[in-house]
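Going line by line, the protein sequences match chains A and B.
Using this note's numbering, read the first sequence as starting at 1 and increasing by one per residue.
Using this note's numbering, read the second sequence as starting at 1 and increasing by one per residue.
Note that these hints are calculated values from the structure, not bench results.
Wrong hints could be hidden among the right ones.
[What the hints assert, rightly or not] Mimicking DSS-like on lysine-lysine, the simulated pairs with C-alpha atoms at most 27 Å apart in a straight line are:
#1 B/12 / B/40
#2 A/9 / B/142
#3 A/86 / B/142
#4 A/86 / A/68
#5 A/113 / A/41
#6 B/196 / A/68
#7 A/41 / B/142
#8 A/41 / A/9
#9 A/113 / A/68
#10 B/368 / B/12
#11 B/196 / B/368
#12 B/142 / A/68
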Amino acid sequence: MDNSRVTPKRPLPVPPPESLPFWQAAHQRRLTFPRCDACGKSWFPPANLCPHCLSDGFHWEEACGRGKVFSFVVVHRVYHGYFANKVPYTVAVVELDEGPRILSNIVGVDPQKVHCNMAVQVAFDEAGPDMTLPLFAPVEAVRKS
Amino acid sequence: MATDPSIRFRNKCAIVGVGHSRLGRVPGASALDLQLEAIKNAIVDSGVKASEIDGLLCRGPQDVYCNHQLVGARLGVNARFSTGVDSGGASQTLSVAFAVMAIEAGMAETVVVGFGGDSWSATHASEEARLANDTHAGKRPKEFGIEFGFTGAVAAHALGAQRHMDLYGTTRDHFAEIALVCRENALRNPDAQMKKPLTRENYHAANMIAAPFGVFDCSLRSDGAGAVIITSTERARDLRQRPVMIKGFGSHNNTRGWFADDNMVHTAAGPSGAAAYRMAGLGPRDIDIAQIYDCFTYMVLTEIEDYGFCKKGEGGAFVASGALRRDGALPCNTAGGLLSEAHVDGMLHICEAARQLRGVYPPDRQVKDAEIALVSGHGGNQVCHATLILGNA
Ligand SMILES: [Zn+2]
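This is chain A alone, in the form it adopts within the complex:
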């Protein structure tokens, strides 16, 4: 029997060119975001123009990895076979301490206990030979592990 049919692999992102540096850094377990060289503001998701001043000069800044839950949902329906034995799981918009908001999963905690403003910290998860996903876990859970 073909095992891949039993447990489909985790679907992976297909990044546009402007996001490749983000995913390459994530694979090295670094959480990064673009910051404008001209006005000093940041943005997310990645784009090659600063949405604050339209400058095209920017650098990738490494985030401290901490943030808080801006909002979240607990997914119960299986939309992709990979998640069949993962439901219910938590998807959240995390606001990083540096400001950017990023979509991810909250792991290491009962979905019922997640709340807005919960303090979280990045927890990298290797999803394939070329892909590591930045997930988030409650700050306490990261300290214990």
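Using the hints, position chain B with the ligand against chain A.
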């Protein structure tokens, strides 16, 4: 004080024909078939000749190229003005605004605004079709979605609902009230997709999809279409139906994104509504009935706050008071809405508002003394919004 330039459009045009197609599960009918069915019904209703139509603002499913041109071919007309709007569920209300602008600019005299979709058939033809639709499979780059198990509109809107609950103490029981109002209204509408009563117990017992949303917080997948005919008020006076005046319209788009600022709870309905009120010279207290874009229960709750029917954060208490019921302060989604009539991208909200304002429904469907209606459209990755204010005089 300078006069608001938008006032020049107040009461200049009217809806003179209304039609819809078969709704719900219509296997074997294409989205275009259904759209022509609705347009033909609207034309017959209006009494205009098809050959008099010189404007088309007609939209189809997302993957249909230049739907409006296909409509023109089937109607057998060359149109002076013809295009489609690309703002998701806000497209239909915005199309009515564009129709008025085109007529006032002399670019057209008689415009069809229509939408036809086949989202039930498209997602039930096969399991593959359902999956492809749910996961937005395609060749374009995609990230910050499926890899985290985040797919489609349900979870995106649920993020807003959760944040509203955390900020203001809104509860799922408030969302339930919205689902119940729509279902009760659908039961009076013989063409509605949903035929069975819904109780508060049913609502709470239903499976969760993406909490805080369960099954009954989510709108339907529907085949179906709707259309209206719009012309100048002057010309409308000579036609068969009582004209439904287009008193105001507005739009706003939180194009910085759903995750940006606090757009999940302060939606584009706020500034869109303010623009429409200004054009119409009216305010929330003047609105007799509302057809609010209800892709999810929460959207109704936050939109009625943004439109000023109650304060931000008080939507829960407002709906709990029974305000949205047929005998309440603001009868809402009186044909059943996207939640229980059919999800035809809001086109049927426009049709229902116009029919209520004509005042000729049988007594069980007619809202008494409905003179002014507000119609909302919302879509485009949750950030596009357009508003209509219609009146019977
Ligand atoms: Zn800048």
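Hints, one by one, checked against the model:
1. B/12 / B/40: Cα-Cα ~24 Å, so holds.
2. A/9 / B/142: This hinted pair holds, its Cα atoms lying about 17 Å apart.
3. A/86 / B/142: 22 Å, holds
4. A/86 / A/68: 23 Å, holds
5. A/113 / A/41: 33 Å, violated
6. B/196 / A/68: 42 Å, violated
7. A/41 / B/142: Given that 27 Å is the threshold and the Cα spacing comes to 25 Å, the pair holds.
8. A/41 / A/9: Violated - the C-alpha atoms of residue 9 of chain A and residue 41 of chain A are around 37 Å apart, more than 27 Å.
9. A/113 / A/68: Measuring from Cα to Cα gives roughly 14 Å; hence the hint holds.
10. B/368 / B/12: With Cα atoms ~26 Å apart, residue 368 of chain B and residue 12 of chain B stay inside 27 Å; holds.
11. B/196 / B/368: 25 Å, holds
12. B/142 / A/68: It holds: about 24 Å lies between the C-alpha atoms, which stays within 27 Å.
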